[in-house]
Amino acid sequence: MSESRGLLKSHIVKKYWMAFTGLFLILFLTGHLAGNLQLFMTGYAGQLQFNEYAVFMTTNPAVKLLSYVTYLSIIFHAIDGILISIANKKARPVGYAYSKPEKNSIWSSRNMGVLGTIILVYIVVHMQNFWYVYKFGSTPYMQNEDGTAPLLQDGSAVADGIVENGRVLVNGTDMGPVMKDLHSIVVDGFSEPILVSFYVLAMIALGFHLVHGFSSAFQSLGLNHPKYNPLISKVGYAYAIVIPALFAIIPIYMYFM
Amino acid sequence: MATEKGINITLKVWRQKNGQAKGALETYELKDVSPDNSFLEMMDILNDQIIMKDGSPVAFDHDCREGICGSCSMYINGEPHGPGRLVTTCQLHMREFKDGETIYVEPFRAKAFPIIKDLIVDRSALDRIQHAGGYISVNTSGNTQDANAIPIEKENADKAFDAATCIGCGACVAACKNASASLFMSAKISQYALLPQGQVEAKNRVLAMVKQAEEEGFGPCSNTGACEVECPKGISLENIARMNREYLSASLLTK
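If you read the protein sequences in the order shown, they are chains A and B.
With the working numbering, letter number 238 in the first sequence gets 238, and the count goes up by one each step, no holes.
With the working numbering, letter number 11 in the second sequence gets 11, and the count goes up by one each step, no holes.
Hints may be right or wrong, so weigh each one.
Cut-off 30 Å, straight-line C-alpha distance, at most; resulting in silico cross-link-like pairs (BS3-like, lysine-lysine) [said to hold, decoys possible]:
hint, chain 1, residue 1, chain 2, residue 2
1, A, 103, B, 98
2, B, 111, B, 53
3, B, 12, B, 117
4, A, 100, B, 12
5, A, 9, B, 211
6, A, 90, B, 211
7, B, 211, B, 117
8, B, 154, A, 100
9, A, 90, A, 103
10, B, 31, A, 90
11, B, 53, A, 103
Since the hints were derived computationally from the structure, they do not count as laboratory data.
Could you put together the complete structure from these sequences and hints?
Rendered as C-alpha cells:
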C-alpha cells in the first residue's frame with residue numbers, strides 16, 4: 001500500500017492542512033484585530049501609539065517569524081483550497097437539473113471557495129494599500145507634537161534633524177531610521193468611500209467564511225464530541241460575527257471622524 | 001384504501017437510453033394519484049400508463065420496498081429520496097406532495113455513479129470501497145469464538161450498531177455538493193473501529209477504504225452536513241470525524 005504517498009495526496013490530508021492553516025489564521029485575526037483597535041485612539045497620542053506599534057511589528061524578530069508563517073499559511077490555504085475545489089467539481093461532472101441544497105446545508109458551507117477568493121483578492125488589495133506603501137512607498141514621517149522635529153523609530157525627537165531617504169540626519173550625521181507615519185496613510189485611505197465599502201464587504205465575506213470554517217476545521221481534524229460540539233459551534237458563530245464586525249467598524253469610524 | 005382525494009401531478013422525469021446517450025427531462029401528467037401511494041407505487045402507475053401507450057417504461061431501482069435494502073435511489077424535487085426525512089424513496093408517500101405540484105425526478109449524480117438507464121445508476125463503487133477493507137478476518141471453520149464472550153462498552157456497542165444501519169443507498173453521495181462518499185465510508189469504518197474485533201485490521205482498513213473511494217472518483221468532504229440531513233438511516237457526522245481521526249493515526253503510524 002502507498003500510505004506515504006497517500007499522506008501527501010489524499011483528500012483527507014488536504015482537509016487536515018486546510019483546517020490546520022485555517023485555525024492558525026483564525027488566531028492571526030485576533031492578533032491583527034488587537035493591533036487595529038489602537039486606531040480608535042484619537043489625537044497625537046493615538047497617532048504616535050499606532051506608529052510605534054507599526055515599528056514594533058516591522059522590526060521585532062518574533063513578529064517577523066510569525067508574519068512569514070502567516071504568509072505561508074495564507075498561500076498554502078489558498079492553493080490547497082483551489083486543489084480541493086477542483087476535486088469537488090470533478091466528482092460531479094454532470095449536475096442536477098433541479099436541486100434544493102438549501103434544504104440540507106447552510107449557504108456558506110457550499111460557497112467557501114467563492115468566499116475565500118473574495119478574501120484573497122481583499123488581502124492583495126489590503127497589502128498594496130498599507131504594507132507595500134509602508135515598506136516601499138513614499139511614506140510621510142512622524143514629528144514631535146509641535147511639528148518641529150522628526151522622530152526616530154524609538155520615539156525620540158531629533159532637534160534640527162532633517163529626513164532624507166527614510167533616515168534622520170543632523171549636520172550630515174545619520175541618527176537612524178525615521179518613524180514612518182502609517183497612521184496618516186490609514187486616515188487618508190479610509191477617507192475614500194469606495195475603499196471603505198470594499199473593506200466592509202470583504203469583512204462580510206470573512207464572516208460568512210468563518211461561520212462554516214471555524215467549526216468545520218475541528219470536524220476535519222476529527223475533533224467532534226457531543227460534549228464539546230455545542231461549545232465549538234457557539235464560539236464559532238460568535239467569532240464569525242464579532243471579529244469581522246470589529247474589523248469593519250474601524251474604516252467606517254475613521255471615515256466619519 | 002384511499003382515505004383522501006387523489007391528487008393530480010406533473011412529473012419531470014430524467015430519461016436516458018444508456019450511459020452514452022444524451023438524456024433529458026420528459027414531462028408526464030398523472031391524474032388522481034392516491035396520497036396513500038408510496039412514491040414507487042406512483043412510479044409503477046406512471047409506467048403502466050406509459051406501457052398502455054406503447055412507450056418505454058421508466059427504469060428505476062427498487063427491491064425490498066420497506067427501507068432496508070438501499071436500492072431505490074431517486075433525486076426527487078432537489079433532494080435524494082425526496083423531501084421526507086429518515087426515509088428512502090419507497091417509504092416516501094404521495095401525501096407529501098400537493099395537488100397540482102410539479103415533481104422533478106432525476107438519477108443520483110456522481111462521477112462514481114455512472115448512469116445505466118433513466119434513473120438507474122451503477123453504485124458498485126460503494127461495494128468496492130467495502131471490499132477494500134470493510135470486513136474483519138474471523139475464523140469461521142467450526143471453532144468460532146462466541147461474540148458475547150468479549151466485553152464491550154454499551155455506548156460503543158450502540159454507536160457501532162448505529163453506524164452499521166447504513167444501507168449503502170448512496171443518498172449521502174447524491175446530496176453532497178462534492179459527491180463525497182465520506183458518510184458511507186465513515187459508517188463502514190466506524191462499525192468496526194468501535195469494536196474490539198475491528199482493531200486488528202483498523203489501520204489498513206481506513207487507509208485502503210479511503211484510497212479506494214478516491215480512485216472511484218468520489219470527492220472530498222466539505223463538512224456541509226447535507227449527507228447527515230438526507231441519510232435515510234440518520235448516520236451521524238460524528239462518524240466522519242472518527243474516520244478523520246483513524247486516518248490521521250493510521251497515516252502517521254504505518255510504514
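Against the structure, the hints:
no. : hint          : result
1   : A:103 - B:98  : holds, 18 Å
2   : B:111 - B:53  : violated, 34 Å
3   : B:12 - B:117  : holds, 16 Å
4   : A:100 - B:12  : holds, 15 Å
5   : A:9 - B:211   : holds, 10 Å
6   : A:90 - B:211  : holds, 17 Å
7   : B:211 - B:117 : holds, 28 Å
8   : B:154 - A:100 : violated, 38 Å
9   : A:90 - A:103  : holds, 23 Å
10  : B:31 - A:90   : violated, 40 Å
11  : B:53 - A:103  : violated, 37 Å
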